[in-house]
Amino acid sequence: MSDIISPVPDAIIQVDLKEIKKRKFIAYIKNNWILYLLLLPSIAYLIVFKYAPMYGVLIAFKEYNIFQTVWASPWNNFATFKEIFLMPDFWNAFKNTFVLNSLDMIIGFPAPIILAIILSEVYVKWFKKVSQTILYLPHFLSWVIIGSIALQLFAPESGLINLALNKIGVSPVQFLTDKWIWVGTYVFLGLWQSIGWNMIIYLAAIAGINQELYEAAVMDGAGRLRKIWHITLPGIKSTIIILLILAIGKMSQIGFDRPFVVGNSLVMEFSDVISTFVYRTGIQNFQYSIATAVGLFQSVIGLIFLLGTNYIADKLGEQGIW
Amino acid sequence: MINNFKNKVFNVLMIAIITLISLMCIIPMIYLLSVSLSSSTAVISRQVFLFPVEINFGAYEAVFNDKAIFNSMIFTVWLTVLCAACSILITIITAYPLTKRNLKGRNIFLFMIIITMYFSGGTIPDYILVKNLGLTDNFLSLLLPYMLSAFNLIILKTFFSSLPESLEESAFLDGASHLTILFRIVLPLSMPAIATLTLFYAVGRWNGFQDALIYISKPDLYPLQLKLYMLVYNNQMSEVAIVEGASTGSIASDNLKAAAVMFATVPILLVYPWLQRYFISGVTIGAIKG
Numbered sequence: 001m002s003d004i005i006s007p008v009p010d011a012i013i014q015v016d017l018k019e020i021k022k023r024k025f026i027a028y029i030k031n032n033w034i035l036y037l038l039l040l041p042s043i044a045y046l047i048v049f050k051y052a053p054m055y056g057v058l059i060a061f062k063e064y065n066i067f068q069t070v071w072a073s074p075w076n077n078f079a080t081f082k083e084i085f086l087m088p089d090f091w092n093a094f095k096n097t098f099v100l101n102s103l104d105m106i107i108g109f110p111a112p113i114i115l116a117i118i119l120s121e122v123y124v125k126w127f128k129k130v131s132q133t134i135l136y137l138p139h140f141l142s143w144v145i146i147g148s149i150a151l152q153l154f155a156p157e158s159g160l161i162n163l164a165l166n167k168i169g170v171s172p173v174q175f176l177t178d179k180w181i182w183v184g185t186y187v188f189l190g191l192w193q194s195i196g197w198n199m200i201i202y203l204a205a206i207a208g209i210n211q212e213l214y215e216a217a218v219m220d221g222a223g224r225l226r227k228i229w230h231i232t233l234p235g236i237k238s239t240i241i242i243l244l245i246l247a248i249g250k251m252s253q254i255g256f257d258r259p260f261v262v263g264n265s266l267v268m269e270f271s272d273v274i275s276t277f278v279y280r281t282g283i284q285n286f287q288y289s290i291a292t293a294v295g296l297f298q299s300v301i302g303l304i305f306l307l308g309t310n311y312i313a314d315k316l317g318e319q320g321i322w
Numbered sequence: 001m002i003n004n005f006k007n008k009v010f011n012v013l014m015i016a017i018i019t020l021i022s023l024m025c026i027i028p029m030i031y032l033l034s035v036s037l038s039s040s041t042a043v044i045s046r047q048v049f050l051f052p053v054e055i056n057f058g059a060y061e062a063v064f065n066d067k068a069i070f071n072s073m074i075f076t077v078w079l080t081v082l083c084a085a086c087s088i089l090i091t092i093i094t095a096y097p098l099t100k101r102n103l104k105g106r107n108i109f110l111f112m113i114i115i116t117m118y119f120s121g122g123t124i125p126d127y128i129l130v131k132n133l134g135l136t137d138n139f140l141s142l143l144l145p146y147m148l149s150a151f152n153l154i155i156l157k158t159f160f161s162s163l164p165e166s167l168e169e170s171a172f173l174d175g176a177s178h179l180t181i182l183f184r185i186v187l188p189l190s191m192p193a194i195a196t197l198t199l200f201y202a203v204g205r206w207n208g209f210q211d212a213l214i215y216i217s218k219p220d221l222y223p224l225q226l227k228l229y230m231l232v233y234n235n236q237m238s239e240v241a242i243v244e245g246a247s248t249g250s251i252a253s254d255n256l257k258a259a260a261v262m263f264a265t266v267p268i269l270l271v272y273p274w275l276q277r278y279f280i281s282g283v284t285i286g287a288i289k290g
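Chains as they are written, first to last, in this note's numbering: chain P, 1 to 322; chain Z, 1 to 290.
Just so you know, the hints here were simulated from the structure itself, not pulled from any lab data.
Given the structure is predicted, the values throughout are model-derived calculations rather than measurements.
Be a bit skeptical, because a hint or two may be false.
Partial list, computed: chain Z residues near chain P (C-beta under 7 Å) [what the hints assert, rightly or not]:
id, residue
1, V12
2, I15
3, Y31
4, L32
5, I93
6, L129
7, I214
8, S217
9, Q225
Every residue gets a Cβ at the ideal spot worked out from N, C-alpha and C, and that includes glycine.
Here chain P stands alone, though its shape is the one from the complex (with noise of 0.2 Å):
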């Protein structure tokens, strides 16, 4: 009796499905080719300028030559990494990049926090907004432009500091061309220029938080600083978590134009990182194969810290930051 409840024989419905599959196939392309035609240019600019220079990467491993393509290029058994690990120069960029992104962290991570809550707490319209307005300025402004203001506010004949400091008799202090103070200096301008701008997000923070759980507080007779305390920091140590967490992750990272522009010969021994070595080796002395070699050890490096950062957050128990 079964026979007769299903009249079609089985190959014709899987015809018919098929045909279902490609009238839907035909379907789904009708409604949505132009979102492919509009993901084109985009697919087109990863290729060529994301996805083929890291497959250049290879002449890292390679003896490459400009006359040469990276692919006839003989391999040369980590011949390029051996040489980098023993130059000292190479280290000691190593180094200075752990070390000027250390303490750009250990000052540069709590200042805009406390700047956050201090404005917070400021409870003047007019005022807040133009000092909110005069303390984001220096983000907008290039590493070009912040190192000739500071040559001209540091030098130590000329500079506005030091006119000051000999005015009440100190000695000139070369805050430029002492390697010692000009870490200094290099720390003190990247704060200069990041605070205002890396306090939004924390103002956005404080701003989300309840605004009863305060009104309870002061029913409860709390003064200013217990609900700082007790109120604004719990508020925010999410925000603030998460933060830590993408700047521990970005420590082997530095950019480029704040050591190169703020540093100079004089102070090579402080002010040589990671990147503007490989633009001394590479760029301008045509070590190709170095230069990359260097660039890809500090990418790997990069990547490690960002995995492990983010491993050790999700075991916390906060959210990943992907």
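Got chain P; can you put chain Z on it based on the hints?
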């Protein structure tokens, strides 16, 4: 009463701290402005502090008369507008399809983009690529390699996704195509995000220095930052300015450098206040998704 007094002291203290830090942010700019407006003799004899001494526009005249600096300014304005327009356009048309959850291949594409945020070829492979494409000493080398920022793309995609879906759906039922929905419905609602990202792209190009230093060796194609670097750090003035400078007794004197720095900063100062209300919301959107 005591509590009230304590509160007042606290308020004054907070305002004092903020004022101090704000002054530290703005005084260098004021100093530079007054140096640029002072006579070079006043600068050399160190009379200039926060107010210009012997006000004159000689330094600015010299900067404007220097063909090389002026050309580089025009070139940079043109390049910045072009870059910001191209970048925001490609970001918009890439972000929109990625908001469609049932788009086949969407995840592969997102993955391809996110990888580029964490790993890149590096300076030298980028340079070899640009060189092999024959783009060195070509303005395209300043436009193409950094055209699309993965970070900005994710911000815009997040913003698009946060718009109410019902709007798009009803438009779709009325027979609107994807392009109509994107340009008639999604874009008008996303102006704050788009203004912010355009600002980020424009500031990035305006301030961009490293790529120009590596890819450009022809002085005609120096963007302003590179020109400024050469001027301040290498004391390179073009002929006109050297003649101008010679008349005042020094080559690329401090007030001339200060004027050049102001010259490169003023365009940012002009657009910045107008866009400020937008970028705060933009940064906050970015913060949500990290």
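Taking the hints in turn, this is what the structure says about them:
{"no.": "1", "hint": "V12", "result": "violated (10 Å)"}
{"no.": "2", "hint": "I15", "result": "holds (6 Å)"}
{"no.": "3", "hint": "Y31", "result": "holds (6 Å)"}
{"no.": "4", "hint": "L32", "result": "holds (6 Å)"}
{"no.": "5", "hint": "I93", "result": "holds (4 Å)"}
{"no.": "6", "hint": "L129", "result": "holds (5 Å)"}
{"no.": "7", "hint": "I214", "result": "holds (6 Å)"}
{"no.": "8", "hint": "S217", "result": "violated (11 Å)"}
{"no.": "9", "hint": "Q225", "result": "holds (5 Å)"}
Comparing the model with each numbered hint stated earlier shows that hints 1, 8 do not hold.
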